[in-house]
Amino acid sequence: MDYSKQIQDIAAKLFADGKIDVFVGYRMNSFDDNQIPVVITDPKEVAELVFTEKSVFNLTNYLKADHTRNKRVGLVVKGCDSRSLNLLLTESQVKREKLYIIGIACEGVVDDKGQKMQNCVECIVPDAVVFDEMLGTPKGIRDYIVNADIIELAGKGLVERREYFEQIFENCIRCNACRHSCPLCYCAKCCIDQETATIYNGSNTSSSAFHALMTWSLHLAGRCVDCRNCEKACPSHLPLHLLHKQNEKVIYDNFQNHLAGVEEGDRGAFYKYSLKDPDDFIL
Amino acid sequence: MSFSTFVTDKTGLQKLYEAIISKHETYAPVEKFGKYDYKKVSSLKECDPDSPIAMTMSVKPLFFPRASKIMKYEANSSGTTIMETDEDPLAGKRVVLGVKHCDARGLQVLDAVNKWDYIDSDFLKRRANTVIFSTRCDKADTHCFCTSLDYDLEKLDALDVAVVNGSDGKIYLQARTGKGDIFLKENSDQSTMYDVQNTMDDVRSTKYEEDMKKQYIAFTGSFRLKMDYKDVNEKMAKRFDSPAFEEASRNCVSCNTCAFICPTCHCFKISDEKIKDTGVRYKSYDSCNNVYFTLEAGGHNPRPAKFRRWRQRSMHKFVYYKERFGVNLCVGCGHCAISCPVNISIFDVVNHVANSPASS
Amino acid sequence: MEEVKEKIVSIEKPDLIAPPDWKPVIVGILCNWCSYAGSDLTGTSRTQYPPNIRIIRVPCSSRVDPWFIIKALQTTADGVLISGCHPGDCHYISGNYYARRRFLVTRELLKMVGFHEHRVQFSWVSAAEGSKFAQVVKKVTEDVIKLGPLHLYKKENFSK
Amino acid sequence: MARVGVFVCFCGANIADFVDVPTVVEEAKKIREVKFAIDYKYMCSDPGQQMIRDAIVQHRLTSIVVAACSPRMHEKTFRKALSDAGMNPYLLEVANIREHSSWVHQKDKKAATDKAGDLVRMAVAKSIANEQLHEISVPVTKRALVIGGGIAGIQAALDIADARIPVTLVERSPSIGGRMAQLDETFPTLDCSQCILTPKMVDVASHPYIELIPYSEVIELDGFVGNYKAKIRKKASYVNFKSCTGCGACWQKCPVKVPNEYNMGIDKRKAIYTPFPQAVPNKPVIDAEHCTYLLKGKCGICAKVCEKGSIDYTMQDEIIEREIGAVVVATGYGMWDAKPYEEYGVGRYKDIINSLEFERMVSSNGPTGGVPMRPSDGKIPKTVVFIKCVGSRDKAKGIEFCSKICCMYTAKHAILLHHKVHDSRAYIFYMDIRAAGKGYEEFVNRAQVETGAVYLRGRVSKIYQKGDKLMVRGEDAQIGQEVEVEADLVVLATAVIPDKGNPALARLLGISYDKYGYLSEAHPKLRPVETAKAGIFLAGCTQAPKDIPETVAQASACAAKVCGLFAGDTMKKDPMVSTVSREFCSGCQNCVKVCPYQAIVTEDIPLGHGSKEMRTVAKINEGVCQGCGSCVAICRSMAINLAGFTDPQIINEIVAI
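Chains as they are written, first to last, in my numbering: chain F, 1 to 283; chain W, 1 to 360; chain P, 1 to 160; chain V, 1 to 657.
Hints are computed from structural coordinates only; laboratory data are not their basis. Each hint should be verified, as a subset may be incorrect.
In silico SDA-like links for lysine to any residue, alpha-carbon gap of 20 Å or less [as the list claims (entries may be wrong)]:
| id | chain 1 | residue 1 | chain 2 | residue 2 |
| --- | --- | --- | --- | --- |
| 1 | W | K40 | F | E170 |
| 2 | V | K619 | F | S92 |
| 3 | W | K15 | W | F183 |
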């Protein structure tokens, strides 16, 4: 999977035709073979652009930044990225007509150690679902796979799970990197920073971390597209995907196989309902 | 004034560590979720004092925790009473093992600000009661640039005992402070370690020093990043209006990670958590990279744009702090670049700005 | 409050034993039009139930933000009960359908991070079901007494 | 700082017997914000209320907690006491220590007292976060819009207009009257439909408070209850109604023949036409789709014969705008197409018709002059098979619901058939006879006894042609045998379905509709005429199938609702509505999606202070918001709050326990 040349050509053409102001892509790190996102405004820098299986970061995160707001943006999206883009479009955070989207029929990306990322192994929607131009051969939607870690956790006892998650909340340093790196966390001011919450959870203690992470994961329930930007950003290397994959599984199983952002106009599972939703857990 | 140096081998060091752990309240890097953090340990098996630099959080939280209680109060119909806070869990006599030199330097840098203006007695007490055992790295990591900054690793007295691997397979324990010297002497085991001064004649002592020097040169040679900090300080001071800040910060996602894991960042916020009648006032980390950091009550925000916040962060590290306290607020540990989701290093930003055209 | 005789161990944290005078607290969040009216009916008909529940009135079960539950569990509650109108009976047409989705996901998430599922329970109680309300409260209270005191992710050093 | 007053009620012995009231007062006094606490025998009595009023003044209280019975009982009483003392009534909180404590924990006084103390503490905590709220008043435009001029629309328009409220009645076809105008006689009394309807139609035309806009459609509705703006497109009729006398010369001479909708296409009308002789207004319109002049520019006969020169081929569609306060939707019904019943040969056999076609045939002003005729050969049928529930109650092929009126009109058809063709016999295949209604069961019996109609309980499995007869094969479940009837004519009581335009209309009005296309009422039991959108009401078969008396009743109910809405110059509303904090709103519009009342719209505001760039934020329409709080709980940014139940209020309660 190497679309560097194609992307360079497309970006160069877009700049030449005056169709975009900014291009968001990937470039190589100067010191190793990993890649970092790059925000290009100068057509001369187009040659830096690359796209390989090392292109991990979900670039739609950059659509909420100052230098892309109300600008015409070209960007590269993989399957998962395009789902978050779909949600951003529905939630009126970006305007479709201002974007030029290069969709990738993604074959999965690898982590720093060269291993295929877990979310790619379990990927359901590898192809970009919203794009102006598609690179690669689309493979279609795959069967839903329940996250391996969730299955493992489900097999553990209550006390064991509690001990495991206590470790997570204790190791959280509440830097909020997860939130800032998440493309779907674009709120003008996050609820956990608002007075209503800080009056009881303003400190960086682990109980505040519990509140923050739980609230965060519930706000992403039915919206999280499993791009793992949050995990990549977490300085404590916390397995944050557990929170999201659990919600995703519950939602997929119970709410008509809902998957966030796959369909155009999807807002997430909490903003619609069905009369057939499970009712047996209610007394 | 010179302090004693002990020489030992791997098993000797392990024995020493074990003895320390059994006798003292000891903290050391403990692995959790693939990341090392300094935790209280009860046996050497739990921890790894030789934890890789790239995977280890800074030692700062042991002295300036991410959230600490500064006050407790009770409010009822008879008024508000301030109660005694619980005992500071970090104030006791303790030892920290496996601290990196850069981290230890970070603490030294923080001493300056904690002794200035408001004297942070909590922080200073924690510092005074702690003996720091460092492990000197043999090889630099991708993002390290500690040797480029304004301190000398070989003479650094931010730590109390430096553990250095000699090229001859021996391990040298160098006391760097009086506290370290006393501690080392008290805890040394005569059967496995011996004082270099006592056992070495002049010839061998010269050889040791040469060996150390050679070893240090090899270590410095392994650095990818190098800068001339003096030059940078001056250049940065002249480039407040440089557009280079914007360019350098363009792909930052403002996630604040850099500040939270930085060994020297010390911005904090104060928050009250009150339930029923009792409240606790906490001091917790904050970051100047946070949009709301400078948001004023009236709604005005002097640093709404990302590059302004980056400018503040870089200038604080290399200009303002230096002006006030004479030291850089950056110790070159590279943690920010390692933890950054998009691998932005303060080194790159500062270098980029310093080498950009000066503003008029 | 209900007298607790035997030694009660927190189910999530077995090394935590309830003090002898421990009385569980259950936070009940009820919708105004069905469940709150139902609880009033329980009172009017003098049906007795355990006194551990503390009732909070909200207009509709859809007003219940999951973080109320998290907040309650973190601060005062040993258990939470949320009650609304039966499906199709919502005074505000569709409120309880939205709420139902959120409740299911919230409950499953809390279960995963180590809460016993009986810590947070939901019920549909109509304005006519005074006796059902009493039964629900009885069940929830008994469940929570069995689970023991809640200790997870509580605000540190706050007396309960 | 807040200064809270706590008033604990004994409620005679109701509370005092089971809760130690003085202890509750002492507990309350320990709270920092509580500056005054007292108990009294009956807080709701005049002296009790006087205590509250006095304390407010004396102790400069900023909020009040009354610990007494359920807030559903006396909240209003105590609010009034507060406002009498010059305090904002919404600074009151009621702690329900009777229904929630003393009455339900009668065996354990200590526990009940503890709980009462906690409930008071919670109420105090909540009241600290209470804000001053003010009743919302929304001005109303006193004009109603009625969509649809069938019996439902006519009745609603007349009732509203009789209350001297102006009504705009919009009808899609050239004349009002609707389906009822097509009927011959009506069950169960068999009075002539036209005879009872036409006077009402004339009343509509002549009523000073009714503005009738025929041949037009509503194309836009903006605004909210009391303040709607409607756009109505009046289709070009090509006839100047002002000068036209309705003499009929034009349509008599028009050479173009078009299937007649009024007669269900059984006969033909002209391209310029009035739908039926009693039409209101009785003025012809030109059907632009078929008029030769309008299509090809030749002909022009009607213009030539019109003495008044009323024909104007250049006429254009016209957009009429009206400001209105309420809408009554009465778009009526249509007949389901029985095509899926292939085994019946629907579409293949000419002598299978639906009941509305039969209705037209037996109607004295109908295409056959009141005598039923076989469409194939014009012969008078002697044996007629009526099949009920064609499409209705058939999940597989048709629709799940019961069409409600077919049982009755089929009985009526059997009687009418007997009246028109004396030697005929009706066979009726049915599933159940649902004759619930005044005089309905008797009417069905009459059909069976008087006309000798044969009721066969069972489904028809097949219809096939044999000679010029139709062989109807079905099962008689009562005898458990297959039966076959040789029929001259088969009449299908096809399902009643809503008007095809309903989904589009619903979207335009911003109301909801069910899977069949019926418009949804706000509550199936308690609010059957209102929609979820305030100020829009439903009458007649647009909501569900119903017969004429029910339709009329619902239309009058709508009228009562409209009149109630317009009773004052402004509408008063509880201030418990959502408010948006623009600062925090990120414009995701999820609230717009979940609001069941369409009370949330969006607005563009500058991005920053003085900025030219705009951002979108939500805006609550206070007039429409009902205060359910759905939007509050789904708002991730916490930008919306519900007055009276804000996040701080509820959280305060939770942590105060």
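Outcome of the hint check:
1. W:K40 - F:E170: With a Cα-Cα distance of about 14 Å, the restraint between W:K40 and F:E170 holds, given a limit of 20 Å.
2. V:K619 - F:S92: It holds: about 15 Å lies between the C-alpha atoms, which stays within 20 Å.
3. W:K15 - W:F183: Since the Cα atoms of W:K15 and W:F183 sit roughly 15 Å apart, the hinted pair holds (cutoff 20 Å).
The structure agrees with every numbered hint stated previously.
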